[in-house]
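Asker: Sequence:
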Amino acid sequence: MMNRTVLRYSFLTNAPLLAAAAVVIGSMVLSLAWLFPLLSADATYTEMLDTIPEQLRQALGVSGDQTQYFGFLTANYYNSLHLYFMMALVLLLGHRLASKPIDDTSLNYFLNGALPRASYLIARLVFFLLASVGIAVVSLVSMVLGQLVFDWGSPIEWQGMVVLNVNLLVLFLFLGSVVFLIRMLTNTGVEALAGSTGLVIFQYFLSMVEPLSPNLSFLRYFTVFSLFDVDRHVGNTGVFAAVVLGLTAASVAVSAVSVQLFRRKDLFL
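Here the working numbering is used: position 197 in the sequence shown is 211, and no number is missing along the way.
Simulated from the structure, these hints should not be mistaken for laboratory data. Some clues are possibly wrong.
[Stated by the list, open to error] Here are the simulated distance ranges between beta carbons:
{"no.": "1", "residue 1": "Ala256", "residue 2": "Tyr23", "range": "31 to 39 Å"}
{"no.": "2", "residue 1": "Tyr23", "residue 2": "Ser227", "range": "48 to 56 Å"}
{"no.": "3", "residue 1": "Ala256", "residue 2": "Trp48", "range": "30 to 38 Å"}
{"no.": "4", "residue 1": "Val223", "residue 2": "Ala132", "range": "35 to 43 Å"}
{"no.": "5", "residue 1": "Leu144", "residue 2": "Val223", "range": "19 to 27 Å"}
{"no.": "6", "residue 1": "Leu95", "residue 2": "Tyr235", "range": "24 to 32 Å"}
{"no.": "7", "residue 1": "Leu226", "residue 2": "Gly260", "range": "25 to 33 Å"}
{"no.": "8", "residue 1": "Trp172", "residue 2": "Leu49", "range": "16 to 24 Å"}
{"no.": "9", "residue 1": "Leu52", "residue 2": "Val266", "range": "15 to 23 Å"}
All C-beta atoms, glycine included, are put in the ideal place defined by N, C-alpha and C.
Please take these sequences and the hints and turn them into a complete structure.
Answerer: Next up, the structure:
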């Protein structure tokens, strides 16, 4: 069972970080929404992008129709800057939530109290889920608000916006669950953070290298970031549903393993 006190404490201690993240994401999306009418009509900008080889554009995430609001935001923010920011946020938040019960909570706390270890960690995992959903909602609302203010004459691409944010949500929920698992498997927070950071960066590196050559296409099977493919998912509901369900199931499974490991992990007295 989940403990509401731990959930409330998690919110109080991480609220400043999440508030800052929401402000950064909202301001970035709205800033690009403001630039959209200027850059989308600028022939110099589009011609400059056309000079970049298609494989390199795909690797950098700047491919797509940038004459449309949704395509412009996807190419100039969500395929690159947003991924970098979310990787940093998930690594930091996941590490903080997973390390607290190990580094700062003694064995006596669990032996003398009525709170089981499993309930403690489940509450931390649930908070990570709620925080991730909140970030996704902020992103979606910012996209819609930006279009209503700066591109109000065009129809809102609801399907694309929802697919993009849900795709990002389940992707980073899975990566967050892996961050928790790595902390349960390591002895110190430094080891866990180094391992998590290295794994996430390596996964993203593979996703950037894969489009550069047809000979490297096999790399897409070794990186979870290949599952972030908005263009494909918007036009194929079945594939999108499979990705969402698969990543969600994987996140739950990895989280369950983390809970079991935490129940048996040696803690300081």
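Asker: It remains to establish, for every hint, whether it holds in the given structure.
Answerer: Hints versus structure:
In this structure the supplied range 31 to 39 Å holds for alanine 256 paired with tyrosine 23, their Cβ-Cβ distance being about 37 Å. For tyrosine 23 and serine 227, the hinted distance range of 48 to 56 Å is satisfied, since their beta carbons lie about 49 Å from each other. For alanine 256 paired with tryptophan 48, a C-beta distance near 36 Å keeps the hint of 30 to 38 Å intact. Here the CB-CB span from valine 223 to alanine 132 is close to 40 Å, well matched to the stated 35 to 43 Å.
A C-beta distance of roughly 34 Å is found between leucine 144 and valine 223, which places it outside the suggested range of 19 to 27 Å. The given range of 24 to 32 Å is respected by leucine 95 and tyrosine 235, whose C-beta atoms sit roughly 26 Å from each other. Taken as a hint, the range 25 to 33 Å holds for the pair leucine 226 and glycine 260, whose Cβ atoms sit roughly 26 Å apart. Against the hinted window of 16 to 24 Å, the Cβ-Cβ separation of tryptophan 172 and leucine 49 comes to about 22 Å, which satisfies the hint.
Checking the proposed 15 to 23 Å range against leucine 52 and valine 266 shows it is violated: the Cβ atoms sit about 44 Å from each other.
In summary, the structure is inconsistent with hints 5, 9 from the numbered list given earlier, while agreeing with the others.
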